[in-house]
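Asks: Here is what each chain is made of, one letter per residue.
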Amino acid sequence: DVKVTQSSRYLVKRTGEKVFLECVQDMDHENMFWYRQDPGLGLRLIYFSYDVKMKEKGDIPEGYSVSREKKERFSLILESASTNQTSMYLCASSSPSRGATQPQHFGDGTRLSIL
Amino acid sequence: AQTVTQSQPEMSVQEAETVTLSCTYDTSESNYYLFWYKQPPSRQMILAIRQEAYKQQNATENRFSVNFQKAAKSFSLKISDSQLGDTAMYFCAFMWGGSEKLVFGKGTKLTVNP
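Chains C and U supply the protein sequences, listed in that same order. The numbering used here puts the first residue of the first sequence at 4, with every later residue one more than the last. The numbering used here puts the first residue of the second sequence at 1366, with every later residue one more than the last.
If you are wondering where the hints come from, they were derived from the structure by calculation, not from laboratory data. A couple of the hints might just be wrong.
Said to hold, decoys possible - Capping the alpha-carbon separation at 30 Å, the derived lysine-lysine pairs in DSSO-like fashion look like this: (1) C:6 x U:1474; (2) C:6 x U:1466; (3) C:6 x U:1443; (4) U:1466 x C:58; (5) C:74 x U:1435; (6) C:16 x U:1474; (7) U:1471 x C:21; (8) U:1471 x C:58; (9) U:1420 x U:1443; (10) U:1466 x C:73; (11) C:16 x U:1471; (12) C:21 x C:6; (13) C:6 x U:1471; (14) U:1466 x C:21; (15) U:1466 x C:74; (16) C:56 x U:1466; (17) U:1443 x C:60.
What the hints assert, rightly or not - If you want the footprint, here are the derived chain C segments under chain U, 3+ residues with CB under 8 Å: (18) 41 to 52; (19) 109 to 117.
Don't be surprised by glycine CBs; every beta carbon is placed ideally from N, CA and C.
Working from the sequences, and respecting the hints, build out all of it.
Replies: Laid out in structure tokens, this is it:
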């Protein structure tokens, strides 16, 4: 089975801090994703990476950056955390579709609170 | 831009009964895929069922089935013989054929009552 591991289930940080959320997958997937999940808003894509060192902005990239130095690891960075970034963050990975779409596999999520 | 609409924020059903969750989508693409993802309380999101738009036959996975109406751009999920473990958030999602990215609806919170 695919395993997507997020480093923390719960995280509490202060306004202005630099925050790192880590995600590791063990299935050699090329694609990795970071989503933000808020009640009533569903999942919104923050950033997407389709290969090492490659990244693409999603729908809500403002205030976030990402890093993918190794294929299995995709980091989400909040450069200067703000209270409106309090949310559930989900990481996912998938193989490239190449004619047959592949499902995304999700981690357990990190519930981040910014005080 | 593709959009996905789930019009039922919350639903409830009695154990053993059947429930249908609605989803509509808007796209001009002809090659696309549709998904229902299930997120149990405090647990990992998992794929429940998926449908390729080019297939006319509705997908089924055990007690889960879809009613795919391509012309109406509708993709509803039917859960038969509901079980307590079906209690979860359900997200409808769309992916067009040239993309790796999913577009999600806002979700439907389903509660199965004993």
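Asks: Evaluate each hint against the coordinates.
Replies: Structure-based check of all given hints:
Between residue 6 (chain C) and residue 1474 (chain U) the CA atoms are separated by roughly 25 Å; this keeps the pair inside 30 Å, and the hint holds. This hinted pair checks out: residue 6 (chain C) and residue 1466 (chain U) have alpha carbons roughly 19 Å apart, not beyond 30 Å. A distance of roughly 28 Å separates the Cα atoms of residue 6 (chain C) and residue 1443 (chain U); the hinted pair therefore holds under the 30 Å criterion. Simply put, residue 1466 (chain U) and residue 58 (chain C) have alpha-carbon atoms about 13 Å apart, close enough for the 30 Å limit, and the pair holds.
Pair hint residue 74 (chain C) plus residue 1435 (chain U) does not hold up; C-alpha atoms about 37 Å apart against a cutoff of 30 Å. Restraint check for residue 16 (chain C) and residue 1474 (chain U): satisfied, since their Cα atoms lie roughly 29 Å apart, inside the 30 Å limit. For the proposed pair residue 1471 (chain U) and residue 21 (chain C), the alpha carbon gap of about 29 Å is at most 30 Å, so the pair holds. Distance restraint check for residue 1471 (chain U) and residue 58 (chain C): the Cα-Cα separation of roughly 25 Å lies within the 30 Å cut-off, and the hinted pair is therefore satisfied.
Using a Cα cut-off of 30 Å, the hinted pair residue 1420 (chain U) and residue 1443 (chain U) holds, with the two alpha carbons roughly 18 Å apart. Note on residue 1466 (chain U) and residue 73 (chain C): the hinted pairing holds, with a Cα-Cα distance of about 21 Å set against a maximum of 30 Å. With a CA separation close to 27 Å, the supplied pair residue 16 (chain C) and residue 1471 (chain U) stays within the 30 Å bound. For the hint pairing residue 21 (chain C) with residue 6 (chain C), the CA-to-CA distance comes to about 27 Å; that is within 30 Å, so the pair holds.
This hinted pair checks out: residue 6 (chain C) and residue 1471 (chain U) have alpha carbons roughly 25 Å apart, not beyond 30 Å. A threshold of 30 Å between alpha carbons decides the hint, and for residue 1466 (chain U) with residue 21 (chain C) the separation of about 27 Å falls inside it, so the pair holds. With a CA separation close to 18 Å, the supplied pair residue 1466 (chain U) and residue 74 (chain C) stays within the 30 Å bound. Distance restraint check for residue 56 (chain C) and residue 1466 (chain U): the Cα-Cα separation of roughly 18 Å lies within the 30 Å cut-off, and the hinted pair is therefore satisfied.
For the suggested pair residue 1443 (chain U) and residue 60 (chain C), the alpha carbons sit about 34 Å apart, so the restraint of at most 30 Å is broken. With 7 residues carrying a beta carbon less than 8 Å from a beta carbon of chain U, the stretch 41 to 52 of chain C meets the three-residue requirement, and the given coverage holds. Counting residues of the stretch 109 to 117 of chain C whose C-beta lies closer than 8 Å to any C-beta of chain U gives 4; at least three are required, and the coverage claim holds.
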